[in-house]
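Colleague: When you get a sec, could you build the whole thing from the sequences and use the hints?
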Amino acid sequence: MELLFITNEKVYGDISSNNKVILSPSFYWIKKKKLKLLFEFQATDYANSVFEGFLPDGEFQYIVKKSDDEFLFLAYDKAAILEKLKKLGLETSNISSLYFSQFELKESLPLNVDNSSLVIIDDVVQIISQKLAQNDIYLMLPSLKLSSTNIHINSSVKFSFTPFLVFLFVLFVVEYIAVTMDVSSIENKKNEIKKEYKLPTTSYELNSILSKYEKQDNEQKFIREALEKIKYKKDCFDIKVDTKKMLAKCRTKDVEVNNR
Amino acid sequence: MKMVDYIIVFAILVTFYLIHNKQNVLVEAIKVNNTLVLKAKKIKELKSRYSNKSIINYLKQKSNSNIDMPNSKVYIFEKLDMNGLNDMLNKVLNSNLKLKSFEIIKTKKLAKLKIVVIK
Numbered sequence: 217m218e219l220l221f222i223t224n225e226k227v228y229g230d231i232s233s234n235n236k237v238i239l240s241p242s243f244y245w246i247k248k249k250k251l252k253l254l255f256e257f258q259a260t261d262y263a264n265s266v267f268e269g270f271l272p273d274g275e276f277q278y279i280v281k282k283s284d285d286e287f288l289f290l291a292y293d294k295a296a297i298l299e300k301l302k303k304l305g306l307e308t309s310n311i312s313s314l315y316f317s318q319f320e321l322k323e324s325l326p327l328n329v330d331n332s333s334l335v336i337i338d339d340v341v342q343i344i345s346q347k348l349a350q351n352d353i354y355l356m357l358p359s360l361k362l363s364s365t366n367i368h369i370n371s372s373v374k375f376s377f378t379p380f381l382v383f384l385f386v387l388f389v390v391e392y393i394a395v396t397m398d399v400s401s402i403e404n405k406k407n408e409i410k411k412e413y414k415l416p417t418t419s420y421e422l423n424s425i426l427s428k429y430e431k432q433d434n435e436q437k438f439i440r441e442a443l444e445k446i447k448y449k450k451d452c453f454d455i456k457v458d459t460k461k462m463l464a465k466c467r468t469k470d471v472e473v474n475n476r
Numbered sequence: 026m027k028m029v030d031y032i033i034v035f036a037i038l039v040t041f042y043l044i045h046n047k048q049n050v051l052v053e054a055i056k057v058n059n060t061l062v063l064k065a066k067k068i069k070e071l072k073s074r075y076s077n078k079s080i081i082n083y084l085k086q087k088s089n090s091n092i093d094m095p096n097s098k099v100y101i102f103e104k105l106d107m108n109g110l111n112d113m114l115n116k117v118l119n120s121n122l123k124l125k126s127f128e129i130i131k132t133k134k135l136a137k138l139k140i141v142v143i144k
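Just so you know, the sequences run in chain order A and B.
So the first sequence is numbered by my numbering: it starts at 217 and just counts up by one.
So the second sequence is numbered by my numbering: it starts at 26 and just counts up by one.
It should be emphasised that the hints constitute simulated quantities derived from the structure, not laboratory data.
Even for Gly, the Cβ is constructed at its ideal location relative to N, Cα and C.
Check the hints yourself; a few may be wrong.
Short derived list, chain A residues pointing at chain B, Cβ under 8 Å [as the list claims (entries may be wrong)]:
#1 304
#2 306
#3 384
#4 388
#5 391
#6 437
#7 459
Modeller: Structure representation (structure tokens):
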């Protein structure tokens, strides 16, 4: 990632595919104002009126910084800046973010910019057409530490769905393999059960065996229940019970019925 | 999204469909296995519920006569008093004999009991 310094006429630094750009004071406007406010966000609401009648036509955005008892208002036209950079050979797609000389170079001034100089006057960074400094902007740029006050243009880290999708796909494949293994393990278990209980191979045969034993059980239950019911009947003298029916001859108190 | 992303999404959907099908197979297999175990246990239990082994010698000793048939054995008990009849019936009731039929013929004080047991 390259760090560039840009004036109205020239790009200082080597343009790469991904650049951070420090704008010279000719790209923005600065005003200082004393306001009886505590916070920067409160002052932002006044930015429009601070610059009223002062700015050319355009869509302006504002940055407000508080220093001691004063507020520093910075106005910039993002579209106009990008247009100007395009004319200087810097495509928008190659810019990651824009920085302002006011916030980035203030501590390093004065600096030579070809035959001009960047100086600080009344706490505001300005460019004057005189070579005043000993240091050159070229030499200073590589060691410059940037602040967090910038305009975000393009992210250097492009979000891609691919790794996430690949991860999801791998997860699904693993799940598929796990389920397949479970199925084969269950199949093995089934064979083990058949071996352990010496079961036939088909479910038809198994059901047939089961129904044979269930029938036998029902018959045995029937014959025992019949036996249980009849054993204390003193008046019954001829009793026949098998697995399906029970016949009993019994006496009643009715003589007529007994004699039949 | 890039072309490769669409291809991966398609692959994910196909895999998801396959997993869904496999899971259904798994659930069915588990159900079949559970049923198989239940049936096997039931068969084992029913198979062992009736056996003539424990009481058959007792019947042989106590009976007045026994007849051997191809699939069954007949035990005849004659001149049993009512207590003897009840004892024998209780014995049979609480046993795991494979009963085919039984017959009781009572006179005033004595009874004749015929038990047919499946071999």
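Colleague: So which hints don't hold here, by number, going up?
Modeller: 1, 2, 6
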